[in-house]
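Can you build the whole structure from these sequences, using the hints too?
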Amino acid sequence: MLEVQHLTKLFDGIKAVDDCSFSVAQGKITALIGPNGAGKTTILNCISGIERIDKGNILYEHQDVSHWRDYERAEAGIARTFQLPRIFKNLTVYENVSLSVHDRDQDLIPSFFGFNRLKEEDEKKIANTLAHVKLSDMGDTVAQELSYGQQKLLSLARALLQPHRLLMLDEPVAGVNPALRQEFVTLFKRLRDEGETMLVVEHDMDFAMEIADWVVVMNEGKVLKKGTPVEVRNDREVLKVYSWK
Amino acid sequence: MLSPYILNLIVLIAIYGILAMALSFVIGHGGVLQFGHVALFGVGAYASAILTTTYSFSFSIGFLGAMAFGGIGACMLGMLIRRVRGDFMALTTFFFAFAFYALVLNVPELTRGALGIPAIARPSIVMSLPSYAIASVVTLVVVYLLLTRILHSPFGLVMGAMRDDELGARVLGKNTAHVQRVALVLSGMIAGLAGALYAHYIGFIDPSSFYLGDLVIIVAAVVIGGLGSLPGSVIGIAIYFLIPEVLRFINIPTETFGAVRQIIFITVLLLIILVRPKGILGKVLLDT
Numbered sequence: 001m002l003e004v005q006h007l008t009k010l011f012d013g014i015k016a017v018d019d020c021s022f023s024v025a026q027g028k029i030t031a032l033i034g035p036n037g038a039g040k041t042t043i044l045n046c047i048s049g050i051e052r053i054d055k056g057n058i059l060y061e062h063q064d065v066s067h068w069r070d071y072e073r074a075e076a077g078i079a080r081t082f083q084l085p086r087i088f089k090n091l092t093v094y095e096n097v098s099l100s101v102h103d104r105d106q107d108l109i110p111s112f113f114g115f116n117r118l119k120e121e122d123e124k125k126i127a128n129t130l131a132h133v134k135l136s137d138m139g140d141t142v143a144q145e146l147s148y149g150q151q152k153l154l155s156l157a158r159a160l161l162q163p164h165r166l167l168m169l170d171e172p173v174a175g176v177n178p179a180l181r182q183e184f185v186t187l188f189k190r191l192r193d194e195g196e197t198m199l200v201v202e203h204d205m206d207f208a209m210e211i212a213d214w215v216v217v218m219n220e221g222k223v224l225k226k227g228t229p230v231e232v233r234n235d236r237e238v239l240k241v242y243s244w245k
Numbered sequence: 001m002l003s004p005y006i007l008n009l010i011v012l013i014a015i016y017g018i019l020a021m022a023l024s025f026v027i028g029h030g031g032v033l034q035f036g037h038v039a040l041f042g043v044g045a046y047a048s049a050i051l052t053t054t055y056s057f058s059f060s061i062g063f064l065g066a067m068a069f070g071g072i073g074a075c076m077l078g079m080l081i082r083r084v085r086g087d088f089m090a091l092t093t094f095f096f097a098f099a100f101y102a103l104v105l106n107v108p109e110l111t112r113g114a115l116g117i118p119a120i121a122r123p124s125i126v127m128s129l130p131s132y133a134i135a136s137v138v139t140l141v142v143v144y145l146l147l148t149r150i151l152h153s154p155f156g157l158v159m160g161a162m163r164d165d166e167l168g169a170r171v172l173g174k175n176t177a178h179v180q181r182v183a184l185v186l187s188g189m190i191a192g193l194a195g196a197l198y199a200h201y202i203g204f205i206d207p208s209s210f211y212l213g214d215l216v217i218i219v220a221a222v223v224i225g226g227l228g229s230l231p232g233s234v235i236g237i238a239i240y241f242l243i244p245e246v247l248r249f250i251n252i253p254t255e256t257f258g259a260v261r262q263i264i265f266i267t268v269l270l271l272i273i274l275v276r277p278k279g280i281l282g283k284v285l286l287d288t
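Going down the list, the sequences are from chains A and B. If you're matching positions, the first sequence starts at 1 in our numbering and goes up one per residue. If you're matching positions, the second sequence starts at 1 in our numbering and goes up one per residue.
The set of hints was computed from the structure by calculation and includes no laboratory data. Incorrect hints may appear among the rest.
In silico DSS-like cross-links for lysine-lysine, where the CA-CA straight-line distance does not exceed 27 Å [unchecked claim]:
id	chain 1	residue 1	chain 2	residue 2
1	A	89	B	283
2	A	89	A	125
3	A	189	A	15
4	A	89	A	124
5	B	278	A	89
6	A	55	A	15
Structure follows, in structure tokens:
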């Protein structure tokens, strides 16, 4: 599904990501873990096109998307969330999620004459997704009035509704309460069982190990170790970087 | 029958209301910090004036030309601000207004420079003041309905998303550069139309008609009326033009009305910013 090949990204001469290579298998959850400053979010930003890469390639479904623009990669099926929820704060919850399913909404003429209204199946998808994230009753609520946890759920709902084949989540459980965290575990496992391909960046090692099929450990911009959760948890070099019980 | 004074107020409020709504459309709904709007107003005015007086084209061609050139000007502005955001976008558009003023002043072969263009006729169908007032108000209503329709459409939703979080919109697959361009061109066309209405109403235009003073009034009206509110923009303009009516009840010399009006208007703006930043009817606060 996704192959990152020898990715290097510099910021003012400092290598935030240094010759990183890994792949994300279809229908699996790949966790990208590492301490602060390891380069995890930078990699996500490079894959989604927010940051330009300095060296290397990003192959998505065997296509080299390294020089595609961010919205082009999103249109091709790469959806993502951010560490801090990015919501359209002056729009309602419903409006926020409906943007994910709307087709041709950037064309003025079809919009003006009502040719690109949402279909019934799209409305159902929106209703189902809002129900999954427990925001069904908040459709008319302006997004900035939501709590932090609800905003996280809203941004997840938007990514889920967006037509995609790869879902990238940046620290989805950061700052959320334990109950919501557990709901996310259940949700992500269910999505994986339904065929979702996910790349999850996480600080919460226990959460990452709980949901992941494959783990990539990063440290100081480099890939330290790749393997199953059991292999990674028992690796000496990884244990040196992290203090695990 | 309304007095000529009242009709004059109605025409000016309608023309500037159209201009303010076009600005509110891009700033309040699209998040584009566009401070070159008065230049697009001027482009339309000059285009129509030149087409109808110098080249003797019909008024229809004049008005259509005003809209076309307003759109072209907005397109050029869009290319300038494509790679800048926030404060730099605001500054770039601001300098666009200066550039227009300098151009108009220094191309006398086309614009008659500082002398301005006199004797800009009115279309015979709206020759009288009452008919021009009706035409202006009808145009205001049509522009309001057009922009409202767009803002309530999927395209308007993308504009709102772009305003609130452009990066968030882009990772949803939205080509925000395209949306910004279209919104700017539409706004420019409407500003050009307002310019044509102004030129044919006043009958004379010169570079000083489209400079900083008008820019401040329009931007202030949009802020006072409230970002994200088209009717609010018109209310903001109405406040500006109706302040002298309030001053009549205060015993101050009429020759000071102009200066006092400016002071009061800016004071209202400052109060709005401090007490109710969203404006009278506004719904949004911009994060720049």
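- Which hint numbers doesn't this structure obey? The structure conflicts with hint 3 only, although it agrees with all the remaining ones.
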